[in-house]
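Knowing the structure of chain W, use the given hints to seat chain X on it.
Note that the protein sequences, when read in sequence, are chains W and X.
Each residue of the first sequence is one higher than the one before, starting from 1 at the first, in the numbering used here.
Each residue of the second sequence is one higher than the one before, starting from 1 at the first, in the numbering used here.
Calculated from the structure, these hints are not laboratory results.
Hints may be right or wrong, so weigh each one.
Each computed EDC-like pair below joins lysine to aspartate or glutamate, with the alpha-carbon atoms no more than 20 Å apart [what the hints assert, rightly or not]:
no.	chain 1	residue 1	chain 2	residue 2
1	X	K101	W	E30
2	X	K70	X	E53
3	X	K101	X	D7
4	X	K56	W	E101
Estimated spans, in silico, between C-beta atoms of each pair [unchecked claim]:
no.	chain 1	residue 1	chain 2	residue 2	range
5	W	G53	X	R60	34 to 44 Å
6	W	T96	X	S51	14 to 24 Å
7	X	T77	W	K14	26 to 36 Å
8	W	G40	X	K69	18 to 28 Å
9	W	N28	X	G40	42 to 52 Å
10	X	G40	W	P83	15 to 25 Å
11	X	K69	W	T20	40 to 50 Å
Each residue gets a CB set at the ideal place from its N, CA and C atoms; glycine is no exception.
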Amino acid sequence: NAGVTQTPKFQVLKTGQSMTLQCAQDMNHEYMSWYRQDPGMGLRLIHYSVGAGITDQGEVPNGYNVSRSTTEDFPLRLLSAAPSQTSVYFCASRFTGQAGELFFGEGSRLTVL
Amino acid sequence: SQQGEEDPQALSIQEGENATMNCSYKTSINNLQWYRQNSGRGLVHLILIRSNEREKHSGRLRVTLDTSKKSSSLLITASRAADTASYFCATGPNSKLTFGKGITLSVRP
Numbered sequence: 001n002a003g004v005t006q007t008p009k010f011q012v013l014k015t016g017q018s019m020t021l022q023c024a025q026d027m028n029h030e031y032m033s034w035y036r037q038d039p040g041m042g043l044r045l046i047h048y049s050v051g052a053g054i055t056d057q058g059e060v061p062n063g064y065n066v067s068r069s070t071t072e073d074f075p076l077r078l079l080s081a082a083p084s085q086t087s088v089y090f091c092a093s094r095f096t097g098q099a100g101e102l103f104f105g106e107g108s109r110l111t112v113l
Numbered sequence: 001s002q003q004g005e006e007d008p009q010a011l012s013i014q015e016g017e018n019a020t021m022n023c024s025y026k027t028s029i030n031n032l033q034w035y036r037q038n039s040g041r042g043l044v045h046l047i048l049i050r051s052n053e054r055e056k057h058s059g060r061l062r063v064t065l066d067t068s069k070k071s072s073s074l075l076i077t078a079s080r081a082a083d084t085a086s087y088f089c090a091t092g093p094n095s096k097l098t099f100g101k102g103i104t105l106s107v108r109p
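So that you can see chain W by itself, here it is in the shape it has in the complex:
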């Protein structure tokens, strides 16, 4: 199993450009989520999904869109990138139901100029 796979690993954007961060998992997890990690801020939840066709907002959803058309994939879209979105983004997944460990991808480092 590959686990949680994120692409790209690194990306540089100009202000106003749009892009999609890809996340795929092969563990048949119902729950998937996106976090951003900034120095001194820890990890903050952007959006999450408890199954195909279901998404909801986390703590910092503004400027980001998500969709969940399949169990495996949970892409994160930046509609119009801003310098404040410079961050490291992590996708994470797990089974729903009982509390359990989150499985994280290796991260996508995004710089917005």
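Only chain X this time, still in chain W's reference frame:
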């Protein structure tokens, strides 16, 4: 906003020593988790302790939970250079797990 807050922010110890890290949280919880993050990598789950448990062990890790004080501690015994990493506690509803800002542990060879 962070539910859990780790303490200290940074910790430097000699290989072979024990490392103790603390986490305090604000509201009642069903469980608390600890994660490790090596530099430039994703987070890795270490251990989960439920609100009705007081102590849990996993290899060289020992986690305690005091719900009356709303606090947890992570003890790493006989530390190794490979334990150098950031450590996070995480709490909250299953769908909205929140993380503290993390503790940076450096283990000197």
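Unmet hints by their number, sorted upward, for this structure: Hint check: 1, 7 and 9 fail, others pass.
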